[in-house]
Each structure stands twice: as C-alpha cells, then as structure tokens.
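*Asks:* Sequence:
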Amino acid sequence: MAHSLPKPIARVHTWVRNQAWLGRFTLMNRLLLAMAFIPTGLVKATGNRFTALPVDNPVGFFFEAMYQTGAFWHFIGFMQIAAAILLLIPATATLGAVVFLPIIFSIVLITWGIGFQATIWVTLFMLIAMIYLVCWDLDKVWAAASQILETRKGPGLMTGATVVEKSGWVLGGLIGMALVMTTRGYVPGSWLPGLFFTGVGAFLLVVGSWIFTVFWGNERTERHPNQ
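So the sequence shown is residues 925 to 1151, counted in the numbering used here.
By construction, these hints were calculated from the structure, which means they are not laboratory data. Just so you know, not all the hints are guaranteed correct.
In silico DSBU-like cross-links for lysine-lysine, where the CA-CA straight-line distance does not exceed 30 Å [said to hold, decoys possible]:
| no. | residue 1 | residue 2 |
| --- | --- | --- |
| 1 | Lys1077 | Lys1090 |
| 2 | Lys931 | Lys1090 |
| 3 | Lys1064 | Lys1077 |
| 4 | Lys1077 | Lys931 |
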C-alpha cells in the first residue's frame, strides 16, 4: 500500500525539491544547526557547566540544576551530538531532523520560560529552520507516519478476548489511574478501599475470563467448528 503525499501537497513538495537554490539553502540549514549543537552538546556530554551565571539568576539556577542531575546532563549532550551527526549524513538526515525537532522545541520552551533574553529568538529561528528541514523530507516523514498508523491485519493484543475480559481491562485501567491520582489529591483518599476492591474485581474478571477462554473456549470451538 502506497503512502504518498496528498496530490496538492505533493505538487508543491516536488516543485520545492526541484529548486537548486533551495537545495543549497537546506544544506546551509543542516550545517548551521549541526555547528550550533555539536559544541553545546559536547559541553554537556563531557560534564561541563553550560553557563557561568550565578544561581540567583533564573537562567543560572536552571542550568545549574540540570548540571547537578549528572547522568541526565550527559544524556542531553549525547542526544544533541547524535542528532547533529545524523543531520549531516545524507542517508540519515531525515531521521536527524525528526529527532532534532522535539529537542529544539523543548529548548524554545525552556528559554521562553526562564526569560533567556535574546536567546529566545535565536532558538525560535532554529525551530523554524528545523520545521523547514522536516518539510524538505516530508514525503519520507509522511510515508513513515502512515505506515506506523496503518491498521495491520492479523492477531492483535486482544485476540480471542471476551466482552468480560475486555471490560476487566478497561475497568482495571481506570481504577489504576484513580489509585495513582489519589496520591496527588485529584481523587479523595476515602475512596481507596472501594477502589482497591474494585481493582481486585477487575483483575479477577480478566484472569477468570482468560482462563475460561483458554481451557474451555477452544474445546467448545472444536466441538462446534461450524458455529
């Protein structure tokens, strides 16, 4: 099954990809973004502080807190470097753009939230550049997303499940969520006993129905193959 772009979008995308000057513009964006993120990623990956601002400054306080996380600080750096390298390699440039997009989007939100002055606009232009790079390879991104969202035929997670078992899964999920929400005050703590016993009931519905299907459902099917 083909996962091509809608025809109006495909015509525009084809025209853009055929413009030599836009190809150079795309290459420039990839190089500039990689040049911006490899050095900053190395700072984090090698365990160095990102800024010398004092902790009484909101920006300095934020980056010092990030730095003190240790492993997470290193992880951010390695991800920035990896995304930049992927962006520079023609065969992996699309993947690099897709990986980079949420990274730069989160950076825009961070710089905006802590009031990082002019850096807000720098990161915003970087986000626009990254959106452009994703659109440059929109045909590949569209095809990959369409394949992921495609409903596949064959056995699923709930193959052979009865209505009782499905009800147990739904009820159990809702009860589990409600139990967790009691820890934050969104659900009254006085409901805990009722939620606990209802959750046990949901568990029994799932297990009991599944056991019945495995041991007796198949036997009934063998006895009445035409029904």
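*Asks:* Quick check: which numbered hints come out false for this structure?
*Replies:* 2
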